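The task is simple: from the sequences and hints, build the whole structure.
Under our numbering, the first residue of the sequence shown carries the number -11, and numbering increases by one thereafter.
Derived by calculation from the structure, the hints in this document are not laboratory data.
Incorrect hints may have been included.
[Claimed, not checked] Straight-line C-alpha distance at most 20 Å; calculated SDA-like pairs for lysine to any residue:
1. 2 x 116
2. 2 x 14
3. 2 x 13
4. 2 x 125
5. 2 x 38
6. 2 x 107
7. 2 x 108
8. 2 x 18
9. 2 x 114
10. 2 x 111
11. 2 x 12
12. 2 x 77
13. 2 x 84
14. 2 x 15
15. 2 x 100
The structure presented is a predicted model; accordingly, all values stated were derived computationally and were not measured.
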Amino acid sequence: MLRGDDAVGPHLAKLLENEPAPNWEVLDGGQMPEDFVSVVRREHPRVLVVVDAASMELEPGALRRLSAEDVATDYMMTTHSLPISFMLSELESCCDELIFLGIQPAQMEFMGALTPAVRETAEELHTRFVQGYDFSAVPALAVD
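Below, the structure written as structure tokens:
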């Protein structure tokens, strides 16, 4: 089961299924995104955007572009079955450019709903996909 704001990725996938973005395909990784590595490997997209809740010690709903080094820190937590750093490493080998976007959760309670700040960020991302936004322009996480 998803945990509150950890459902932001599947929520964004649903928004994109209901109102598709030109030139993008959507995979909802849900609780087990690592299960989709073989699909990504087969399709070998030019750009792959991964969106997930990421504890970064920022304001709820904050959006940052993360690197493999970022997810190896104590800032990151995951509810997935494999370490997200492993999954990102695998995905990076399956595409030309991997962009990992983290959204700061407010809460991750079992069966909790998306909080307004996180829902708003997902909706903004949906709009950016539809409008053809360059996701490499999302600010990177600044680690002190």
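Would you list, in rising numerical order, the hints stated earlier that this structure does not obey? 4, 12, 13
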